[in-house]
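According to the numbering used here, the residues represented by the sequence shown are 1433 to 1534, in order.
Since the hints were derived computationally from the structure, they do not count as laboratory data.
Treat the hints with caution; some may be incorrect.
[As the list claims (entries may be wrong)] Between beta-carbon pairs, the in silico distance windows are:
| # | residue 1 | residue 2 | range |
| --- | --- | --- | --- |
| 1 | L1489 | Q1531 | 43 to 49 angstroms |
| 2 | L1523 | E1500 | 28 to 34 angstroms |
| 3 | A1508 | E1533 | 38 to 44 angstroms |
| 4 | E1517 | E1486 | 23 to 29 angstroms |
| 5 | E1482 | E1533 | 33 to 39 angstroms |
| 6 | E1482 | K1448 | 16 to 22 angstroms |
| 7 | T1435 | R1534 | 22 to 28 angstroms |
| 8 | K1459 | E1493 | 45 to 51 angstroms |
Note that CB positions come from ideal geometry on N, CA and C, so glycine has one too.
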Amino acid sequence: MTTIGSIKTQITKAAKALRASMEEAEKLRTGQVPSEPPQRRIESLEERWERAEEFALEQAEDAPGVLEEFRAHWTANTCAESIEEAERLVLELGTAQVQLER
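Using the sequences and the hints, build the whole thing.
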């Protein structure tokens, strides 16, 4: 099941990219500009998850445990928590930007 491993790898890479983007965004607090906004990374990770779910549903008859395997991988990589933290950071940065523009 190379495809399952590939999908899990994509989820892991997207989660790591989101965390790296959040670290970059934290630089805004010190006046530096991040190379890529966290919002795009959030979307990327969510898209990966949607594709994983679609794949699992397509494979449900032939490989019934795929969705559970993906969910365990998602949980082990704290993807949901990373998304929540990144969304909070995006909101904080947006609020700070509005205040600076006043």
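Hint check results:
1. Checked against the given bound of 43 to 49 angstroms, the beta carbons of L1489 and Q1531, roughly 44 angstroms apart, stay inside it.
2. Taking 28 to 34 angstroms as the suggested C-beta distance range, the pair L1523 and E1500 conforms, at roughly 32 angstroms.
3. Judged by the Cβ atoms, the range 38 to 44 angstroms given for A1508 and E1533 holds: they are separated by roughly 41 angstroms.
4. Evaluation of the 23 to 29 angstroms hint for E1517 and E1486 yields a pass: the beta carbon distance comes to about 26 angstroms.
5. Look at E1482 against E1533: about 34 angstroms separates their beta carbons, and that is inside 33 to 39 angstroms.
6. Checked against the given bound of 16 to 22 angstroms, the beta carbons of E1482 and K1448, roughly 18 angstroms apart, stay inside it.
7. Between T1435 and R1534 the C-beta distance comes to about 51 angstroms, which lies outside the given range of 22 to 28 angstroms.
8. Judged by the Cβ atoms, the range 45 to 51 angstroms given for K1459 and E1493 holds: they are separated by roughly 48 angstroms.
Of the numbered hints listed earlier, the single one contradicted by the structure is hint 7.
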